[in-house]
Structures are given as C-alpha cells and as structure tokens.
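Those sequence lines, one after another, are chains A and B.
Each residue of the first sequence is one higher than the one before, counting from 1 in this note's numbering.
Each residue of the second sequence is one higher than the one before, counting from 1 in this note's numbering.
Don't read these hints as lab results, they were simulated from the structure.
A portion of the hints provided could be inaccurate.
Stated by the list, open to error - In silico DSSO-like links for lysine-lysine, alpha-carbon gap of 27 Å or less:
{"hint": "1", "chain 1": "B", "residue 1": "LYS106", "chain 2": "A", "residue 2": "LYS3"}
{"hint": "2", "chain 1": "B", "residue 1": "LYS36", "chain 2": "A", "residue 2": "LYS97"}
{"hint": "3", "chain 1": "A", "residue 1": "LYS97", "chain 2": "A", "residue 2": "LYS74"}
{"hint": "4", "chain 1": "A", "residue 1": "LYS215", "chain 2": "A", "residue 2": "LYS3"}
{"hint": "5", "chain 1": "B", "residue 1": "LYS129", "chain 2": "A", "residue 2": "LYS3"}
{"hint": "6", "chain 1": "B", "residue 1": "LYS129", "chain 2": "B", "residue 2": "LYS106"}
{"hint": "7", "chain 1": "A", "residue 1": "LYS74", "chain 2": "A", "residue 2": "LYS3"}
Quick caveat, the model's predicted, so the values are computed rather than measured.
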Amino acid sequence: MLKKRLIFTFLVQDGRFMLSRNFSLQTVGDLQWVRQHYDFEAIAFSIDELVILDVKRGVRDLEAFAGIVRELSKTCFMPIAAGGGVRSVDDARTLLKSGADKIVINTPIFTDADLLQRLVRRFGSQCIVASIDYRRTGDEGEVFIENGTRPAGMTVPDAAARAQQLGAGELYLTSITRDGTGQGLDLDYLSRVGAAVAVPMIVSGGAGNFAHLSKAIQAGNVAAVSTANLFNFMADSLTDARQHIIDGGVPLATWGRMERVAE
Amino acid sequence: MISIIDYGMGNVRSVQNALDYLGYSNELIQTAAEIKASEKLILPGVGSFTEAMDNLSRLDVVGAIRDAASAGTPFLGICLGMQLLADQGDEGGLREGLGLIGGTAKRLETRDADLKVPHMGFNEVTYTKPSDLFAGIDDASHFYFAHSYVLDCPRERVVAIAVHGLPFTAAVQRDNVMGSQFHPEKSQSHGLRFLQNFCERPAC
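Chain A extracted, bound-state conformation (with noise of 0.2 Å):
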C-alpha cells in the first residue's frame, strides 16, 4: 500500500536559508550554519522527500541556486523537487542536472501554460509539481503568484484543474494565510479541494508541532504534508516527529539506516 510521506522544505535566498511568516522572510543562516545546527544525515533519514525552493525577490541566479541543490543532493537518497524562478527547459534541465528528481512549478501555471506543457512533453508529469500558494478569503482560496506578491485571479479548485490540465503530476498547495504562524494545516479546505484533484496532492503551510503534521497527513485526499518550519524542526524533532505519526497508527515508509560500504 502506498504510504503518505513526510516532507521537508528548504527556502533559499542568495545562498541563504529563510524562515517565512505569511511569505515574509527572515534570514537564518548559509549552507554552513545548517551543517552546524542540523544533523542533516538525521533529516535525510526521517522525511520521505526533501524540497528546495529559491524564494529570492527579483533576479534570481539559477546556478548559484543549483550548486545548493548540488550539494544538499550529495547524501540524500531520497526524492528531491527543486524550483522557484523556473522559466524555461533549460533552467529546469539545469536543476535535474543538479539533483533535483522533480522540478517545481508556480507562477507560469498563469502566465505562461505552454511552458508547463513543453516540461511535462520532456521531462514527464511525474517529473513536474504545480505549486499553488493562496490566502483565504472566506470560504475560498485565493491564489497568488510571484513569491505571493500578486492575485492570480483564479480560485484554488480552478488552479487546481487548471494545472493537472497541463499536465502537472503532483500539486503543493500552500496556505499563505497558515504559512510560518504554527496554528496548524488549512485542512477542512485543502481536503476538500483534494476531493476534485486526480493526482497526489501535497499540503503546507502552519505546521508547528507533531500534531499538526499528524492530523495533516491523516487529512482526506492528502498524500503528503510538508513544512518549511526550520526551528521547529531542529535536532532530533523530524525524527520523533516521524515517530509520533507511526505511534498515532499512520503508515509511513520505514527503512534501516544508512551503513557506508567501503569495497
């Protein structure tokens, strides 16, 4: 039976990892402090995938970011999805090149549709995550695009449609309005819009303890839950937080650790 995954995302800008609050961000340190503070082998070995997003404003530089997902991508034997600013199959190729197993997609799902058709054509719909990042506005989701900056002008469920359409093979939906305040999942909303969507669905935003990723991932028409929530998932917190989801009667993947063979 296929089981529900735990995922961890990272938020780069200029080298640097961010902590998001309603998109807003905050510096907490290079490559280098994540060493020092994270047994990063740890991590790899308590969440099913890991996803790394360029969240800088304005001018990104796509191969500074790629020798990020280079490096992260060196002892992680695990599915990695890379994106944010990717603009062409180039750029896309260029991050595969790197690491990433699958690339994720935001703002061009409005603005330029022939571009997701023509990475689906090339790299395959498994290959390509459409991310959809909204506020609430009473009973609905709102989306936005470009780092959150801008209203799409489109509804979740019609992004939604709008995205396995052109092909994507698995959506990331982002609540804006949850995203770094630790009050737990938009679920009664994200489920329901799951319940029209045809391909794996991953949720995020408002994670911040062991329950609510419990409650999320036990949520109808979800396939996975991810947060981006880097002080709260410190040291040995994946970890436990993995186990608490086992421990509450939720299957996730298990696997031995990792012994290095020498030939």
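Here the structure of chain A is known, so what remains is to put chain B in place on it, guided by the hints.
The following block gives chain B in isolation, referenced to the frame of chain A:
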C-alpha cells in the same frame, strides 16, 4: 566500473551520487563502443517511452545494448529504463522497445477512483521469486516509486511486485538483465543495498 547510459532522460546524477556513496567507480557513457566495452550497465530513465527509444536510436546504441545483454553483461534498467526492456510501449500507439524482458509497457490502472496516478511515494515491494538483487533486504520493504506506466511482462521474468489498487511489476530478472520500477537511488537504505547487490555481481 559501472557504466550509466546517459541518453538525456532521467536523473543520472542521483544514480551517480548513490554509487559514489557506496564506493563504486562509475561513468556516464553515450556510445555503442562504450557500451560494448563496459563491465556493468545501468539504464536510468524518467519520461516517455517513445522519446526514450527515439533518443537511444539517435545515439545508435539500441543494437549495442541488445548485444551487451546477449553477451551476459550485468544490466539494470531503472524506472523507465525497466519499461524499455519490454517488447513494446503503448503510449496511445505502439513503439518498439529493447525486447530484453518482453511484454508491454502500459498505463497504470488502479480500478479505484480514490487512488491517484502517478503512483508517487514509498510502497512495499513483495518478492515473487528469489533474486540476488534483494539479498539482505527484508520482504515487503519500502521503495520509492514515481510512475504512471507499468511493465506487463511474462510472469517468469517477474521477481517482485507492488500494489497500487492492482498488483504490478516492481522488479524483473532474466539472468543478467534486471530491472526495477522503483528508484533504488531514491529509496534510502534499502535502495542503496539493492544497488550494492547489483554492483557486487561478478562482471561476465
């Protein structure tokens, strides 16, 4: 030396990272001559069957791959790479495959509206026959899948299955020709062990 065929599809870097971590020297190759000279071959792949066969044909390596397989060179197809071992792929129209395992690559069917496609995530792999590829790995261990197509091939070639609504081929073996639908390079410790088992096979 493990030779990874780079035909422009699939994430060869992940496979290289895994082999580097395990300590096996590896290279990326693209020509018939290099395939002929290799001791062990890996054919990765993500994307469309048709485009993959187009690329392999353009590189003029289809014959060399078939020859290497006949000559007994250990050969591992991963994900699309395994599906290419079929006689043909059916992506809304039939396209000839490498024909090393047989059968047809076709769309995954779940027969369950609640199950999403692509089949994306970790799932149990259950053995149907003993295989040295899974030495030291418990039956029903979790491996990572990301696909919308499956290989429907002669049962005697199947060594492991997985279930997503319906059972489908998770791994195949026919002497020196092997394949995995899952991504061993993305399957944490089990996947690394699987790759190690492949790499430890004596070269012919």
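Decide if the proposed pair is consistent with the structure: LYS129 (chain B) and LYS106 (chain B), CA atoms, cutoff 27 Å inclusive. 23 Å, holds
Quick one, are LYS106 (chain B) and LYS3 (chain A) close enough, alpha carbons at most 27 Å? With a Cα-Cα distance of about 23 Å, the restraint between LYS106 (chain B) and LYS3 (chain A) holds, given a limit of 27 Å.
Can the restraint linking LYS36 (chain B) and LYS97 (chain A) be considered satisfied, given a maximum Cα separation of 27 Å? The given pair, whose Cα atoms are some 26 Å apart, holds under the 27 Å limit.
Pairwise hint evaluation, LYS3 (chain A) against LYS215 (chain A), where the allowed Cα distance is 27 Å at most: 15 Å, holds
Just to be careful, I want the Cα atoms of LYS74 (chain A) and LYS3 (chain A) compared with a cutoff of 27 Å; is the pair within it? Holds - the C-alpha atoms of LYS3 (chain A) and LYS74 (chain A) are around 25 Å apart, at most 27 Å.
Under the criterion that the straight-line Cα-Cα distance not exceed 27 Å, is the pair LYS129 (chain B), LYS3 (chain A) satisfied? 24 Å, holds
Compare the distance between the alpha carbons of LYS97 (chain A) and LYS74 (chain A) with 27 Å, and conclude whether the hinted pair is satisfied. 12 Å, holds
Consistency with the previously given hints is maintained throughout, with no hint failing.
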